[in-house]
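> If you count the sequence shown from 1, position 10 lands on 10 in my numbering, and the numbers rise without skipping.
There may be inaccurate statements among the hints.
Said to hold, decoys possible - Quick list of the computed label-pair ranges, beta carbon to beta carbon:
(1) Asp90 - Gly171: 28 to 36 angstroms
(2) Phe138 - Ser92: 15 to 23 angstroms
(3) Ala196 - Glu146: 42 to 50 angstroms
(4) Gly122 - Thr183: 27 to 35 angstroms
(5) Asp107 - Thr66: 14 to 22 angstroms
(6) Asp51 - Gln195: 17 to 25 angstroms
(7) Glu146 - Ala109: 38 to 46 angstroms
(8) Ala123 - Ile191: 38 to 46 angstroms
(9) Asn189 - Gly135: 29 to 37 angstroms
(10) Ser186 - Gly119: 38 to 46 angstroms
For the record, the hints were derived by calculation from the structure and aren't laboratory data. C-beta atoms are modelled at their ideal positions from N, C-alpha and C, and glycine is treated no differently.
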Amino acid sequence: MCIAVHQCTLRTNTITSIIGNSKMEKIRKTLLLMGLLFTASSNANLMLSFDPAFQISSTGNSVSLTLMASGLGDQSPESLGAFDLDVLYDSSVLSYTDHTLSDGLGDIALGEALDSSLGDDGAGTLGLAVVSFLGAAFLDANQAGEFALAQISFDVDMLAIPDFTTVSLQGIAFSDADGIAITDVSLGNAIIATQARDVPEPTSLALLSLAVLGMLGRKRLISYKK
(Lines of atoms letter the chains of each structure in order from A and count residues from 1; the text may use other names and numbers.)
(Lines give C-alpha, C1' and ligand atoms only; values in the text may rest on other atoms or scores of the structure.)
Protein backbone atom coordinates (compact mmCIF):
# COMPACT_ATOMS: atom_id res chain seq x y z
CA MET A 1 0.00 0.00 0.00
CA CYS A 2 2.94 2.32 0.51
CA ILE A 3 5.11 3.43 -2.41
CA ALA A 4 7.73 0.88 -1.33
CA VAL A 5 7.77 -1.72 1.42
CA HIS A 6 11.14 -0.59 2.76
CA GLN A 7 9.71 2.94 3.23
CA CYS A 8 6.96 1.53 5.45
CA THR A 9 9.49 -0.47 7.45
CA LEU A 10 11.76 2.52 7.93
CA ARG A 11 8.95 4.79 9.09
CA THR A 12 7.38 2.28 11.45
CA ASN A 13 10.77 1.51 13.00
CA THR A 14 11.38 5.22 13.54
CA ILE A 15 7.99 5.68 15.22
CA THR A 16 8.57 2.58 17.35
CA SER A 17 11.85 3.98 18.69
CA ILE A 18 10.03 7.14 19.76
CA ILE A 19 6.87 5.81 21.42
CA GLY A 20 7.83 2.27 22.43
CA ASN A 21 7.02 -1.24 21.26
CA SER A 22 3.84 -1.96 23.22
CA LYS A 23 1.94 1.07 22.01
CA MET A 24 3.31 0.74 18.50
CA GLU A 25 1.80 -2.72 18.10
CA LYS A 26 -1.71 -1.31 18.46
CA ILE A 27 -1.01 1.72 16.31
CA ARG A 28 0.63 -0.37 13.60
CA LYS A 29 -2.56 -2.39 13.09
CA THR A 30 -4.48 0.77 12.35
CA LEU A 31 -1.78 2.35 10.21
CA LEU A 32 -1.07 -0.67 8.05
CA LEU A 33 -4.72 -1.60 7.58
CA MET A 34 -5.72 1.83 6.34
CA GLY A 35 -2.48 2.96 4.72
CA LEU A 36 -1.87 5.91 6.98
CA LEU A 37 1.81 5.73 6.04
CA PHE A 38 0.97 6.96 2.54
CA THR A 39 3.12 9.81 1.30
CA ALA A 40 -0.07 11.50 0.06
CA SER A 41 -2.36 13.36 2.45
CA SER A 42 -5.99 14.43 2.24
CA ASN A 43 -7.09 18.06 2.01
CA ALA A 44 -9.90 17.34 4.48
CA ASN A 45 -10.18 19.42 7.66
CA LEU A 46 -11.22 17.22 10.58
CA MET A 47 -12.47 18.82 13.79
CA LEU A 48 -12.65 16.87 17.05
CA SER A 49 -14.42 18.29 20.10
CA PHE A 50 -16.12 17.34 23.34
CA ASP A 51 -19.81 17.77 24.10
CA PRO A 52 -20.32 19.48 26.44
CA ALA A 53 -17.23 21.65 26.17
CA PHE A 54 -17.97 23.09 29.63
CA GLN A 55 -19.84 21.66 32.59
CA ILE A 56 -20.23 22.23 36.33
CA SER A 57 -19.48 19.36 38.69
CA SER A 58 -17.95 18.68 42.11
CA THR A 59 -16.04 16.10 44.11
CA GLY A 60 -17.94 12.83 44.37
CA ASN A 61 -19.93 13.31 41.18
CA SER A 62 -19.62 11.66 37.78
CA VAL A 63 -19.25 13.39 34.42
CA SER A 64 -19.74 12.20 30.86
CA LEU A 65 -18.21 13.56 27.65
CA THR A 66 -19.09 12.76 24.05
CA LEU A 67 -16.18 12.89 21.62
CA MET A 68 -17.52 14.43 18.39
CA ALA A 69 -16.11 14.51 14.86
CA SER A 70 -17.10 17.19 12.33
CA GLY A 71 -15.76 19.25 9.43
CA LEU A 72 -15.82 16.49 6.82
CA GLY A 73 -18.50 15.73 4.23
CA ASP A 74 -22.17 15.34 5.20
CA GLN A 75 -23.10 12.07 3.48
CA SER A 76 -20.54 13.00 0.85
CA PRO A 77 -16.72 12.90 0.52
CA GLU A 78 -14.60 13.24 2.58
CA SER A 79 -15.48 10.79 5.35
CA LEU A 80 -13.47 9.48 8.31
CA GLY A 81 -12.07 5.97 7.80
CA ALA A 82 -9.77 5.57 10.81
CA PHE A 83 -8.56 7.40 13.90
CA ASP A 84 -5.98 6.87 16.61
CA LEU A 85 -5.88 9.40 19.45
CA ASP A 86 -5.30 9.90 23.16
CA VAL A 87 -7.71 11.51 25.62
CA LEU A 88 -5.64 13.29 28.29
CA TYR A 89 -6.88 14.13 31.79
CA ASP A 90 -5.52 14.92 35.25
CA SER A 91 -5.59 11.61 37.12
CA SER A 92 -5.26 13.42 40.46
CA VAL A 93 -8.66 15.03 39.80
CA LEU A 94 -10.53 12.54 37.61
CA SER A 95 -10.63 8.76 37.43
CA TYR A 96 -11.68 6.98 34.25
CA THR A 97 -14.71 4.71 34.63
CA ASP A 98 -15.88 3.67 31.16
CA HIS A 99 -16.06 4.43 27.46
CA THR A 100 -18.30 3.30 24.61
CA LEU A 101 -17.30 3.54 20.96
CA SER A 102 -19.95 4.65 18.47
CA ASP A 103 -20.73 3.03 15.12
CA GLY A 104 -19.82 6.05 13.00
CA LEU A 105 -17.08 4.04 11.29
CA GLY A 106 -19.06 0.80 11.31
CA ASP A 107 -20.46 -1.70 13.79
CA ILE A 108 -17.52 -3.25 15.64
CA ALA A 109 -19.62 -6.20 16.85
CA LEU A 110 -20.56 -7.05 13.25
CA GLY A 111 -16.97 -6.85 12.04
CA GLU A 112 -17.53 -3.62 10.08
CA ALA A 113 -14.76 -1.91 12.06
CA LEU A 114 -11.80 -2.87 14.24
CA ASP A 115 -11.31 -1.56 17.77
CA SER A 116 -7.56 -1.38 18.38
CA SER A 117 -7.81 0.99 21.35
CA LEU A 118 -5.17 0.78 24.07
CA GLY A 119 -7.70 1.82 26.70
CA ASP A 120 -6.92 3.66 29.92
CA ASP A 121 -3.45 3.48 31.44
CA GLY A 122 -4.57 4.63 34.90
CA ALA A 123 -2.25 7.63 34.74
CA GLY A 124 -4.24 10.16 32.74
CA THR A 125 -4.25 8.77 29.19
CA LEU A 126 -7.09 6.97 27.43
CA GLY A 127 -6.09 5.56 24.04
CA LEU A 128 -8.85 5.20 21.44
CA ALA A 129 -8.34 3.78 17.94
CA VAL A 130 -10.82 2.46 15.36
CA VAL A 131 -10.38 1.51 11.70
CA SER A 132 -13.33 0.99 9.36
CA PHE A 133 -13.62 -1.98 7.01
CA LEU A 134 -16.52 -0.38 5.14
CA GLY A 135 -15.89 0.81 1.60
CA ALA A 136 -15.29 4.45 0.76
CA ALA A 137 -18.50 4.67 -1.29
CA PHE A 138 -20.56 3.46 1.68
CA LEU A 139 -18.90 5.76 4.23
CA ASP A 140 -19.09 8.77 1.92
CA ALA A 141 -22.81 8.17 1.34
CA ASN A 142 -23.81 7.43 4.94
CA GLN A 143 -21.48 9.22 7.36
CA ALA A 144 -23.02 12.40 8.79
CA GLY A 145 -21.25 15.75 8.79
CA GLU A 146 -21.12 15.59 12.60
CA PHE A 147 -21.21 12.37 14.59
CA ALA A 148 -20.03 10.82 17.85
CA LEU A 149 -16.84 8.78 18.06
CA ALA A 150 -17.11 7.76 21.71
CA GLN A 151 -18.83 8.38 25.03
CA ILE A 152 -16.39 8.71 27.96
CA SER A 153 -17.20 8.73 31.68
CA PHE A 154 -15.15 9.91 34.66
CA ASP A 155 -15.57 10.16 38.42
CA VAL A 156 -14.59 13.47 39.99
CA ASP A 157 -12.27 12.43 42.82
CA MET A 158 -10.93 15.76 44.04
CA LEU A 159 -11.84 19.15 42.60
CA ALA A 160 -11.36 22.18 44.82
CA ILE A 161 -13.87 25.03 45.10
CA PRO A 162 -13.48 27.12 43.04
CA ASP A 163 -11.32 25.31 40.50
CA PHE A 164 -11.46 23.51 37.15
CA THR A 165 -9.78 20.70 35.25
CA THR A 166 -9.28 20.18 31.53
CA VAL A 167 -9.74 17.10 29.37
CA SER A 168 -7.78 17.41 26.11
CA LEU A 169 -6.96 15.46 22.96
CA GLN A 170 -3.71 14.36 21.36
CA GLY A 171 -3.92 13.18 17.77
CA ILE A 172 -1.79 10.24 16.58
CA ALA A 173 -3.17 9.26 13.15
CA PHE A 174 -6.28 9.83 11.05
CA SER A 175 -7.36 8.80 7.55
CA ASP A 176 -10.24 9.32 5.17
CA ALA A 177 -12.31 6.48 3.74
CA ASP A 178 -9.74 5.88 0.99
CA GLY A 179 -6.96 5.33 3.52
CA ILE A 180 -5.31 8.69 2.82
CA ALA A 181 -3.89 10.46 5.87
CA ILE A 182 -5.78 13.47 7.23
CA THR A 183 -3.21 15.91 8.59
CA ASP A 184 -5.35 19.04 9.06
CA VAL A 185 -6.96 18.22 12.39
CA SER A 186 -8.37 20.65 14.97
CA LEU A 187 -8.51 19.36 18.55
CA GLY A 188 -10.84 20.80 21.19
CA ASN A 189 -10.82 20.62 24.99
CA ALA A 190 -13.45 20.13 27.67
CA ILE A 191 -13.49 22.06 30.95
CA ILE A 192 -15.02 20.66 34.14
CA ALA A 193 -15.41 23.31 36.84
CA THR A 194 -16.85 23.71 40.32
CA GLN A 195 -19.37 26.33 41.34
CA ALA A 196 -17.91 28.92 43.73
CA ARG A 197 -19.55 28.84 47.17
CA ASP A 198 -20.11 32.56 47.34
CA VAL A 199 -21.87 32.94 43.98
CA PRO A 200 -25.62 33.50 44.67
CA GLU A 201 -28.25 31.47 42.88
CA PRO A 202 -29.96 33.42 40.04
CA THR A 203 -33.19 33.89 42.07
CA SER A 204 -31.29 35.01 45.16
CA LEU A 205 -29.21 37.39 43.07
CA ALA A 206 -32.34 38.93 41.56
CA LEU A 207 -33.95 39.41 45.00
CA LEU A 208 -30.74 40.95 46.33
CA SER A 209 -30.65 43.38 43.40
CA LEU A 210 -34.28 44.42 44.03
CA ALA A 211 -33.54 44.96 47.71
CA VAL A 212 -30.55 47.19 46.91
CA LEU A 213 -32.59 49.20 44.40
CA GLY A 214 -35.38 49.57 46.98
CA MET A 215 -32.98 50.87 49.59
CA LEU A 216 -31.50 53.37 47.14
CA GLY A 217 -34.98 54.56 46.16
CA ARG A 218 -36.02 55.00 49.80
CA LYS A 219 -32.84 56.98 50.54
CA ARG A 220 -33.51 59.31 47.60
CA LEU A 221 -37.12 59.85 48.75
CA ILE A 222 -36.02 60.76 52.30
CA SER A 223 -33.42 63.19 50.94
CA TYR A 224 -36.05 64.84 48.70
CA LYS A 225 -38.47 65.35 51.64
CA LYS A 226 -35.77 67.05 53.66
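> In this structure, is the beta-carbon distance linking Ala123 and Ile191 contained in 38 to 46 angstroms?
21 angstroms, violated
> Indicate whether the distance between the beta carbons of Gly122 and Thr183 respects the range 27 to 35 angstroms.
31 angstroms, holds
> Take a look at whether the Cβ-Cβ distance between Asp51 and Gln195 falls inside 17 to 25 angstroms.
20 angstroms, holds
> Between Phe138 and Ser92, does the beta-carbon spacing fit 15 to 23 angstroms?
44 angstroms, violated
> May I ask you to test the hint 38 to 46 angstroms on the CB atoms belonging to Glu146 and Ala109?
23 angstroms, violated
> Okay, Asn189 versus Gly135 on CB: inside 29 to 37 angstroms?
Holds - the Cβ-Cβ distance for Asn189 and Gly135, about 34 angstroms, lies within 29 to 37 angstroms.
> Is the gap between the beta carbons of Asp90 and Gly171 within 28 to 36 angstroms?
Because 20 angstroms falls outside the window, the suggested range is violated.
> At the C-beta level, are Asp107 and Thr66 separated by a distance inside 14 to 22 angstroms?
Cβ of Asp107 to Cβ of Thr66: about 18 angstroms, so the range 14 to 22 angstroms holds.
> If I claimed the Cβ atoms of Ser186 and Gly119 lie 38 to 46 angstroms apart, would that claim hold in this structure?
25 angstroms, violated
> Between Ala196 and Glu146, is the Cβ distance one that fits in 42 to 50 angstroms?
33 angstroms, violated
Checked against the numbered hints given earlier, this structure breaks hints 1, 2, 3, 7, 8, 10; the rest are met.
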